[in-house]
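Visitor: Residue strings, one per chain:
Number of protein chains: 2
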Amino acid sequence: MVIKCSLFVATILDGFIARKCGALDWLPGSDGVTESENHGYTDFFASIDSLVKGRNTCDLMHTFGEWLYPGKKVLVLSSRFPKIPIRLAEEAKGTSMPPMEVVRQLEASGSAHAYVDGGKTIQSFLQAGLIQDVMITRVPVLIGEGIPLFGSSGRDIRLRHLSTGVLENGLVQSKYQVENAA
Amino acid sequence: MVIKCSLFVATILDGFIARKCGALDWLPGSDGVTESENHGYTDFFASIDSLVKGRNTCDLMHTFGEWLYPGKKVLVLSSRFPKIPIRLAEEAKGTSMPPMEVVRQLEASGSAHAYVDGGKTIQSFLQAGLIQDVMITRVPVLIGEGIPLFGSSGRDIRLRHLSTGVLENGLVQSKYQVENAA
Numbered sequence: 001m002v003i004k005c006s007l008f009v010a011t012i013l014d015g016f017i018a019r020k021c022g023a024l025d026w027l028p029g030s031d032g033v034t035e036s037e038n039h040g041y042t043d044f045f046a047s048i049d050s051l052v053k054g055r056n057t058c059d060l061m062h063t064f065g066e067w068l069y070p071g072k073k074v075l076v077l078s079s080r081f082p083k084i085p086i087r088l089a090e091e092a093k094g095t096s097m098p099p100m101e102v103v104r105q106l107e108a109s110g111s112a113h114a115y116v117d118g119g120k121t122i123q124s125f126l127q128a129g130l131i132q133d134v135m136i137t138r139v140p141v142l143i144g145e146g147i148p149l150f151g152s153s154g155r156d157i158r159l160r161h162l163s164t165g166v167l168e169n170g171l172v173q174s175k176y177q178v179e180n181a182a
Numbered sequence: 001m002v003i004k005c006s007l008f009v010a011t012i013l014d015g016f017i018a019r020k021c022g023a024l025d026w027l028p029g030s031d032g033v034t035e036s037e038n039h040g041y042t043d044f045f046a047s048i049d050s051l052v053k054g055r056n057t058c059d060l061m062h063t064f065g066e067w068l069y070p071g072k073k074v075l076v077l078s079s080r081f082p083k084i085p086i087r088l089a090e091e092a093k094g095t096s097m098p099p100m101e102v103v104r105q106l107e108a109s110g111s112a113h114a115y116v117d118g119g120k121t122i123q124s125f126l127q128a129g130l131i132q133d134v135m136i137t138r139v140p141v142l143i144g145e146g147i148p149l150f151g152s153s154g155r156d157i158r159l160r161h162l163s164t165g166v167l168e169n170g171l172v173q174s175k176y177q178v179e180n181a182a
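Protein chains in written order, with the UniProt record's numbering: chain D, 1 to 182; chain A, 1 to 182.
Rather than coming from a laboratory, the hints here were simulated on the basis of the structure.
Among the hints, erroneous ones may be present.
Since the list can't tell identical chains apart, any single copy or any two copies may satisfy a pair.
[Stated by the list, open to error] With a straight-line Cα cutoff of 20 Å, these simulated SDA-like cross-link-like pairs (lysine to any residue) come out: (1) K72 <-> E91; (2) K120 <-> V141; (3) K120 <-> A89; (4) K175 <-> T164; (5) K20 <-> P70.
A quick note: this is a predicted structure, and the numbers were derived from the prediction, not measured.
Start from the sequences and build out the full structure, keeping to the hints where you can.
Guide: Here is the structure:
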């Protein structure tokens, strides 16, 4: 693989990435205006040329109003073939291909760095050994129950710690490299 | 409350504190020899005068061989009245009291700082608003499934970040204060 696939996720201390209903209201900047300017996201976003998102996460993004990924290739994953709203037909393509095929297609189209996002999508890419970099930002709150970041992969996935920084509001941001990626 | 109750836990990135079977084999120093000398545990252990442990965690500790808590009051919690092995009758007492009663009893006996440990015990103390300090050490591995650190508390629990340090082996250790403790 030449293409790099990265995670850039905010989780709370229990390890959830969203409430059960999908809400992100505990996330600083969850109004969608300030989030993209903070927490190293701007630099990360500039480094990627494509996004692979789960359908649920993508649905949620629509609710933020403006399209958040100008100039990026966006693939929306779903086990059923996902319907992309007509107004986004130019910006995003739907696919039901398995993760390895998605990565091969992105690579064939010249993509060098993909941002993988959404609970189930992250899990399936981790299980397939397709994630190289993991950036986790920990929000200092416990919500008790929600959508977990990582699911069962059938094997231990070891990561190498690269760096950790403390941001405003007590956010702790750590960068890891997956040691046993494909 | 005058007594302080603290957590000192190692979790992996998914948020689990042990495999489903209770095993801690992913934990550096899980042979029970070096663990107590590392990661700030020695200083933390010196600062406490009592331990409240769940029965499962306590059972696991027995398998390490030597008694790990010399000179400390130890309460073993269980919904059924826990049986303490005869050889530990001096070191540990069993109780099925609810968390608030446990804390009142410890305080009445002169305890100033209790170390609360074990998955269900941690959850019940958090739910009761009885935890003030939380030290979390993140081990850079994903095991996919296991015993979760925190469970549903029915409310968001906000924490204030106090400090974060990076230890050997890529461990990230963060200290928090519970903002809405009882």
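Visitor: None of the hints should be skipped; say for each whether it holds.
Guide: Hints, one by one, checked against the model:
In this homomeric assembly, K72 and E91 come within 20 Å of each other (Cα to Cα) only inside a single copy, at 8 Å, whereas the closest approach across copies is 63 Å. Proximity of K120 to V141 under the C-alpha cut-off of 20 Å is restricted to the inter-copy arrangement: shortest distance 19 Å between copies versus 23 Å within a copy. In the homo-oligomer, the alpha carbons of K120 and A89 never lie at most 20 Å apart, since the shortest distance is 23 Å inside one protomer and 49 Å across protomers. Within a single copy, K175 and T164 get their C-alpha atoms as close as 6 Å, and across copies as close as 14 Å, so both meet the 20 Å cut-off.
With identical chains, the CA atoms of K20 and P70 are never at most 20 Å apart, being 29 Å at best within one copy and 43 Å at best between copies.
Of the numbered hints given earlier, the model fails hints 3, 5; all others are met.
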